[in-house]
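Each step along the sequence shown adds one to the number in the working numbering, with nothing skipped, and position 249 is 447.
It should be emphasised that the hints constitute simulated quantities derived from the structure, not laboratory data.
Treat each hint with caution, since some may be false.
Stated by the list, open to error - Taking lysine-lysine and the DSBU-like style, the derived pairs with C-alpha atoms no more than 30 Å apart in a straight line are: (1) Lys-388 with Lys-496; (2) Lys-433 with Lys-237; (3) Lys-433 with Lys-262; (4) Lys-365 with Lys-498; (5) Lys-278 with Lys-451; (6) Lys-262 with Lys-527; (7) Lys-359 with Lys-262; (8) Lys-278 with Lys-262; (9) Lys-359 with Lys-388.
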Amino acid sequence: MILRASLVLTALCLPGALRAADATPEIGTFTFDCPTDEKDGVAERFRIPACAFDYKLSLRHDLKATGVKVYDLTFPSPVKTAVPENNTVHCELFLPAGGGKGPIPAAVVLDILQGNALIARGQCMWLAQHGVAGMVVYMAHYGPRRPPGSANRLISTNVTKSVEGVKQTVLDVRCAVAWLASRPAQFDAKNLGLVGTSLGSLVGAVVAANEPRLTNVCLLLPGGGLVDAYYNHPKAEPYRPLVDLLGGKFTLKLLIGPVDPITYAKQLKGKNLLMLCASRDDIVPPAAAKALWAATGKQKIVWYDATHVGVAWFLMPVLTEMTAHVRGK
Numbered sequence: 199m200i201l202r203a204s205l206v207l208t209a210l211c212l213p214g215a216l217r218a219a220d221a222t223p224e225i226g227t228f229t230f231d232c233p234t235d236e237k238d239g240v241a242e243r244f245r246i247p248a249c250a251f252d253y254k255l256s257l258r259h260d261l262k263a264t265g266v267k268v269y270d271l272t273f274p275s276p277v278k279t280a281v282p283e284n285n286t287v288h289c290e291l292f293l294p295a296g297g298g299k300g301p302i303p304a305a306v307v308l309d310i311l312q313g314n315a316l317i318a319r320g321q322c323m324w325l326a327q328h329g330v331a332g333m334v335v336y337m338a339h340y341g342p343r344r345p346p347g348s349a350n351r352l353i354s355t356n357v358t359k360s361v362e363g364v365k366q367t368v369l370d371v372r373c374a375v376a377w378l379a380s381r382p383a384q385f386d387a388k389n390l391g392l393v394g395t396s397l398g399s400l401v402g403a404v405v406a407a408n409e410p411r412l413t414n415v416c417l418l419l420p421g422g423g424l425v426d427a428y429y430n431h432p433k434a435e436p437y438r439p440l441v442d443l444l445g446g447k448f449t450l451k452l453l454i455g456p457v458d459p460i461t462y463a464k465q466l467k468g469k470n471l472l473m474l475c476a477s478r479d480d481i482v483p484p485a486a487a488k489a490l491w492a493a494t495g496k497q498k499i500v501w502y503d504a505t506h507v508g509v510a511w512f513l514m515p516v517l518t519e520m521t522a523h524v525r526g527k
């Protein structure tokens, strides 16, 4: 999808493109404390009691061609699972040259289902080159949060496990936003945003709806009303008999409802929301995008004449729309 930006990032990371990295990490503590969650409409399942988290921030790359610096940020997940690697949240922070002048906008970026972070990193690199700090947050059971050879995945046919994984991801991202908000001299706490692509847009919509500090939300290839959208989808045909055996659409809606973006349409109405959609999307049905758009107040939506993957042909318009939106313009 963000092929060109990703290739630029890769090129910048070749030998000779880097300055020597500072080997001394920053170690500290930040606090998560959102006493107004209930009043702000945060669903009970996504609330976290006030607590402190230890973090480590280490410089990974100093990209001399652009001045962008890339940092690794880690902190404990508020959710403890049976997989030790999954219990640490891993983030990659892309800072503009000079760290920006004064507090700068920042955006959390969530990746696609494939999950190697190539697209998310490309988006963050582009944002950083245009004055916005971009932070890739690895979702549960992704990247370094999954042991080598493990079969664990965030999304699987085990619906209950998938829902719990999304819940963990939402809580993890809320903590990452708290870290950004804890540094007001560096990041503009009133101009924090989120970018999500494909699966990242579905999870990101739930995050944004349940994190009051996020204001500018850009969802690329999103949708809502997932059971209605996918029940008759050709790719769902092999699983339809099992769904019917277990209670059909009604039961599945009860199970998936807590992580379906359309469940949180009311909260998303209060966000500055941008949806970038493909009119011939063969993965996320356009009907699902239209349903989410209507339910969230018919805010700005841009349609591209493309399939799900084919939206890559509109790379520059997509990046331009995304960047302007998370900058609050």
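*Decide if the proposed pair is consistent with the structure: Lys-433 and Lys-237, CA atoms, cutoff 30 Å inclusive.*
violated (40 Å)
*Is Lys-278 within 30 Å of Lys-262, Cα to Cα?*
violated (39 Å)
*Has the given pair, Lys-359 with Lys-388, been kept, meaning a C-alpha gap of at most 30 Å?*
violated (34 Å)
*Regarding the pair Lys-433 and Lys-262, is the alpha-carbon distance no greater than 30 Å?*
violated (45 Å)
_So if I understand the rule, the pair passes when the alpha-carbon distance is 30 Å or less; does Lys-359 with Lys-262 pass?_
violated (43 Å)
_Next pair to validate is Lys-278 with Lys-451; report whether the Cα-Cα distance is within 30 Å._
With a Cα-Cα distance of about 26 Å, the restraint between Lys-278 and Lys-451 holds, given a limit of 30 Å.
*Lys-365 and Lys-498: Cα distance at most 30 Å?*
Holds. Lys-365 to Lys-498 sits at ~27 Å (cutoff 30 Å).
*Pairwise hint evaluation, Lys-527 against Lys-262, where the allowed Cα distance is 30 Å at most*: Status holds; Cα separation ~28 Å.
*Decide if the proposed pair is consistent with the structure: Lys-388 and Lys-496, CA atoms, cutoff 30 Å inclusive.*
holds (23 Å)
Checked against the numbered hints above, the structure violates hints 2, 3, 7, 8 and 9; every other hint is satisfied.
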